[in-house]
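Protein chains: 2
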Amino acid sequence: MSKPYVIGIDIGGTNTVFGIVDARGVVLASSSIKTAKHSNINDYIDELHGELTRMMEVNDVVGKINGIGIGAPNANYFTGIIEDGVNLPWPTPIPLAQMMTDKFGIPTRITNDANAAAIGEMTYGAARGMKDFIMITLGTGVGSGIVINGQVVYGHDGFAGELGHVIMKRNNGRLCGCGRTGCLETYCSATGVARTAREFLEIRTEPSLLRDLPIESITSKDVYDAAVAGDKMAKEIFEYTANILGEALADFTVFSSPSAFILFGGLAKSGDLLMKPLKESMERNMLKIFKGKVKILPSELKEADAAVLGASALGWEVKPL
Amino acid sequence: MSKPYVIGIDIGGTNTVFGIVDARGVVLASSSIKTAKHSNINDYIDELHGELTRMMEVNDVVGKINGIGIGAPNANYFTGIIEDGVNLPWPTPIPLAQMMTDKFGIPTRITNDANAAAIGEMTYGAARGMKDFIMITLGTGVGSGIVINGQVVYGHDGFAGELGHVIMKRNNGRLCGCGRTGCLETYCSATGVARTAREFLEIRTEPSLLRDLPIESITSKDVYDAAVAGDKMAKEIFEYTANILGEALADFTVFSSPSAFILFGGLAKSGDLLMKPLKESMERNMLKIFKGKVKILPSELKEADAAVLGASALGWEVKPL
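Protein chains in written order, with my numbering: chain A, 1 to 321; chain B, 1 to 321.
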């Protein structure tokens, strides 16, 4: 029988957020440490262990933790190893699941952050009861977690679901961090929106509130604020973004025929500015047999808790030690 | 306990091929009837029943059939219904699985032809032992059957895996039978290769063996024969085709990270003319973490038996009546 609580840990390039969660998705307590404070991974795990031990004691859950779930960049679900952690301060590969299991005496599973978000959404959020959906995380990059028949798709090597790197522009596409050009995430991430803003400002001539800002430091938030203030160019930047994302979602649909796409991350909170042209674009580009069948929904996880909740859901999947 | 034989039926627009298969994939007997001979579906099923009953009697397998598996266009695995059989002579929807079960007294499952091919390849062919692979059928169109974690992907509505309708050219793409433009199958099917040949012949000026043929009746087989005879333009038509298919396979890889793509159909038998530039294109377009990991393999099912074998494998999945 499983124990009544799980621990969720989200390891980002800047912060590591963690918390204790119950079976209904209530976060009993959460906190964070700086990911880059320790150049030695063992020191980092020691600090995490100290913080979480105190948290478990205060909340009276010592011995009641079923498992630890961790979301981290390039974390391989199958091997428990962070294989190439570009944004993390430690040399890779890192056998993190084993190191954490040894340190805490609690079984630990890891996966990448977008898969963790998908599991969280399925366990506690907008995808409860759905067997086939695709989580799209619109952050600094574009990530994805694909669920088919109730199971996260990991692929033969644990790295499936890199939908941010589908090629959307085969000619004259933007250079991506992956070294190729035209990837979805160069257009539809928060940074992609900022790049679009800079392109629009350079190429177009009409006035815009965005022209009051230093062009190199424009963010997707600036574009959002301008659009909300009624700026025409800012709205068109959202339409441009939505159009490409809609093309991508239509293509993804022919692969796994999901009942919904669930959008997570800052851009997903842009409301109708993004959602309205996105739904129109997806339907316009959709193969006929799928038209009108696929929902686009915003995440239902509370933002402050989402990363911890998503990771924590993995804590229900562990095998006892 | 399952019975020792299954029946496989492949319903194509022209012919319906059927046979009796054992657990090791040996086809005991096979035959065919004309699909379009009967304008009434009941008459068609009657003829099929007569032919198969005789075949079961001759081979002494009456009462020993575990199930009937059928591959047919737009056949829905979940509902057992052919929902919109564009190439079939009967009004749709057709509750084919139930009609066959009633007529034969043998449990029947149906799926589309590409999914049947994937199941056949996994049960008897090149994908034995593989848990994650994608079957690509290169015929009149481009079909696909996606297997993830040992299971065919049907999606929320039974229609997943329409990879022939991923958009490869977003500008100036070829018109597809689906009503949209730029679909993979307008470039990489047998008819796509013939279209490419016509485009090359019109736009280019160099000599080619293909210029000896009436341009409107050129087939992919003509292009293959010319390439084998050393024709430079014909070889470049294969390279053009392979380049686009390789781009598509690289995109598909980020979705489900398969260990292999298995190619089936006439074009898949073009050997190095297709395979060499295809592998090069896929690797060139591949996201770094997947480079060198994904195989491209030709189907191992004997062509004459492949359709029947693929469909028959479904006969092992049925529930007893």
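Because the hints were derived from the structure by calculation, they are not lab data. Accuracy of the hints is not assured; some may be wrong.
[Said to hold, decoys possible] Calculated lysine to aspartate or glutamate pairs in the DMTMM-like style (CA-CA distance at most 25 Å, straight line):
| hint | chain 1 | residue 1 | chain 2 | residue 2 |
| --- | --- | --- | --- | --- |
| 1 | A | Lys169 | B | Glu199 |
| 2 | B | Lys169 | A | Glu239 |
| 3 | B | Lys131 | A | Glu317 |
| 4 | B | Lys293 | A | Glu236 |
| 5 | B | Lys291 | A | Glu236 |
| 6 | B | Lys288 | A | Glu236 |
| 7 | B | Lys293 | A | Glu280 |
| 8 | B | Lys169 | A | Glu280 |
| 9 | B | Lys288 | A | Glu83 |
| 10 | A | Lys291 | B | Asp157 |
| 11 | B | Lys291 | A | Glu280 |
| 12 | A | Lys276 | A | Asp157 |
| 13 | B | Lys169 | A | Glu236 |
| 14 | B | Lys131 | A | Asp157 |
| 15 | B | Lys291 | A | Glu83 |
| 16 | B | Lys295 | B | Asp231 |
| 17 | A | Lys293 | B | Asp272 |
| 18 | B | Lys291 | B | Glu303 |
| 19 | A | Lys169 | B | Asp157 |
| 20 | A | Lys169 | B | Asp272 |
| 21 | A | Lys291 | B | Glu239 |
[As the list claims (entries may be wrong)] Derived, one-sided and incomplete: chain B residues facing chain A with beta-carbon distance under 8 Å:
| hint | residue |
| --- | --- |
| 22 | Asp157 |
| 23 | Ala160 |
| 24 | Leu163 |
| 25 | Val166 |
| 26 | Cys178 |
| 27 | Asp231 |
[Claimed, not checked] What follows is a list of derived Cβ distance ranges for each label pair:
| hint | chain 1 | residue 1 | chain 2 | residue 2 | range |
| --- | --- | --- | --- | --- | --- |
| 28 | A | Ala29 | B | Gly173 | 49 to 59 Å |
| 29 | B | Lys221 | A | Ser217 | 54 to 64 Å |
| 30 | A | Lys131 | B | Ser39 | 54 to 64 Å |
| 31 | A | Gly63 | B | Asp102 | 57 to 67 Å |
| 32 | A | Lys221 | B | Asn87 | 47 to 57 Å |
| 33 | A | Pro95 | B | Glu202 | 20 to 30 Å |
| 34 | B | Ile215 | A | Glu199 | 37 to 47 Å |
| 35 | B | Gly105 | A | Pro95 | 54 to 64 Å |
| 36 | A | Lys169 | B | Gly105 | 49 to 59 Å |
| 37 | A | Arg24 | B | Lys269 | 34 to 44 Å |
| 38 | A | Pro93 | B | Glu51 | 51 to 61 Å |
Here the structure is a predicted model, which is why all the values come from computation and not from measurement. Note that the Cβ used here is the ideal one computed from N, Cα and C, for glycine as well.
Hint by hint, here is what the structure shows:
Of the pairs offered as hints, the one joining Lys169 of chain A and Glu199 of chain B holds, with about 23 Å between alpha carbons and a cut-off of 25 Å not exceeded. A threshold of 25 Å between alpha carbons decides the hint, and for Lys169 of chain B with Glu239 of chain A the separation of about 21 Å falls inside it, so the pair holds. The hinted pair formed by Lys131 of chain B and Glu317 of chain A meets the criterion: a straight-line CA distance of about 21 Å does not exceed 25 Å. In summary, the hint linking Lys293 of chain B to Glu236 of chain A is not supported, as the alpha carbons are separated by about 40 Å, beyond the 25 Å threshold.
For the given pair, Lys291 of chain B sits about 37 Å from Glu236 of chain A by alpha-carbon distance, which is inconsistent with the 25 Å threshold. With a C-alpha separation of about 33 Å, the suggested pair Lys288 of chain B and Glu236 of chain A falls outside the 25 Å cut-off, and the hint is violated. Restraint check: the Cα-Cα separation between Lys293 of chain B and Glu280 of chain A comes to about 37 Å, which exceeds 25 Å; the hinted pair is violated. For the suggested pair Lys169 of chain B and Glu280 of chain A, the alpha carbons sit about 20 Å apart, so the restraint of at most 25 Å is met.
Simply put, Lys288 of chain B and Glu83 of chain A have alpha-carbon atoms about 13 Å apart, close enough for the 25 Å limit, and the pair holds. At most 25 Å may separate the alpha-carbon atoms for a hinted pair to count; Lys291 of chain A and Asp157 of chain B meet this at roughly 12 Å. For the proposed pair Lys291 of chain B and Glu280 of chain A, the alpha carbon gap of about 35 Å is over 25 Å, so the pair is violated. Under the criterion of a C-alpha separation no larger than 25 Å, the hint pairing Lys276 of chain A with Asp157 of chain A is inconsistent with the structure, at around 37 Å.
Taken as a hint, the Lys169 of chain B and Glu236 of chain A pair is honoured in the structure, with Cα atoms around 23 Å apart against an allowance of 25 Å. With a CA separation close to 11 Å, the supplied pair Lys131 of chain B and Asp157 of chain A stays within the 25 Å bound. At most 25 Å may separate the alpha-carbon atoms for a hinted pair to count; Lys291 of chain B and Glu83 of chain A meet this at roughly 15 Å. With a C-alpha separation of about 28 Å, the suggested pairing of Lys295 of chain B with Asp231 of chain B is violated against the 25 Å cut-off.
Taking the CA atoms of Lys293 of chain A and Asp272 of chain B, the gap is near 41 Å; set against the 25 Å cutoff, the hint is violated. Between Lys291 of chain B and Glu303 of chain B the alpha-carbon distance is near 31 Å, which puts this suggested pair outside the 25 Å criterion. A C-alpha spacing of about 30 Å is found between Lys169 of chain A and Asp157 of chain B, which places the hinted pair above 25 Å, so the restraint is violated. The hinted pair formed by Lys169 of chain A and Asp272 of chain B fails the criterion: a straight-line CA distance of about 29 Å is larger than 25 Å.
Only pairs whose Cα atoms come within 25 Å are accepted, and Lys291 of chain A paired with Glu239 of chain B is rejected, the gap being roughly 34 Å. Interface restraint check for Asp157 of chain B: the shortest CB-CB distance to chain A comes to about 6 Å, inside 8 Å, so the restraint holds. With 8 Å as the threshold, the beta carbon of Ala160 of chain B comes within range of chain A, its nearest partner Cβ sitting at about 4 Å, so the hint holds. Interface hint at Leu163 of chain B: satisfied, since its Cβ lies 6 Å from the closest Cβ of chain A, which is below the 8 Å cut-off.
Here the hint on Val166 of chain B is kept, as its CB sits about 5 Å from the closest CB of chain A, short of 8 Å. This hint holds: Cys178 of chain B has a C-beta 6 Å from the nearest C-beta of chain A, less than the 8 Å allowed. Checking Asp231 of chain B against chain A by beta carbon gives a least distance of about 27 Å; that is not within 8 Å, so the hint is violated. At roughly 54 Å, the beta carbons of Ala29 of chain A and Gly173 of chain B sit within the given window of 49 to 59 Å.
The supplied range of 54 to 64 Å is met by Lys221 of chain B and Ser217 of chain A, whose beta-carbon atoms lie about 59 Å from each other. Taking 54 to 64 Å as the suggested C-beta distance range, the pair Lys131 of chain A and Ser39 of chain B does not conform, at roughly 39 Å. Separation of Gly63 of chain A from Asp102 of chain B is about 59 Å and conforms to the stated range, judged on CB atoms against 57 to 67 Å. Checked against the given bound of 47 to 57 Å, the beta carbons of Lys221 of chain A and Asn87 of chain B, roughly 52 Å apart, stay inside it.
Between Pro95 of chain A and Glu202 of chain B the C-beta distance comes to about 59 Å, which lies outside the given range of 20 to 30 Å. Checking the proposed 37 to 47 Å range against Ile215 of chain B and Glu199 of chain A shows it holds: the Cβ atoms sit about 42 Å from each other. For Gly105 of chain B and Pro95 of chain A, the Cβ-Cβ distance of about 57 Å falls inside the hinted range of 54 to 64 Å, so the restraint holds. Look at Lys169 of chain A against Gly105 of chain B: about 56 Å separates their beta carbons, and that is inside 49 to 59 Å.
Taken as a hint, the range 34 to 44 Å is violated for the pair Arg24 of chain A and Lys269 of chain B, whose Cβ atoms sit roughly 56 Å apart. For Pro93 of chain A and Glu51 of chain B, the Cβ-Cβ distance of about 59 Å falls inside the hinted range of 51 to 61 Å, so the restraint holds.
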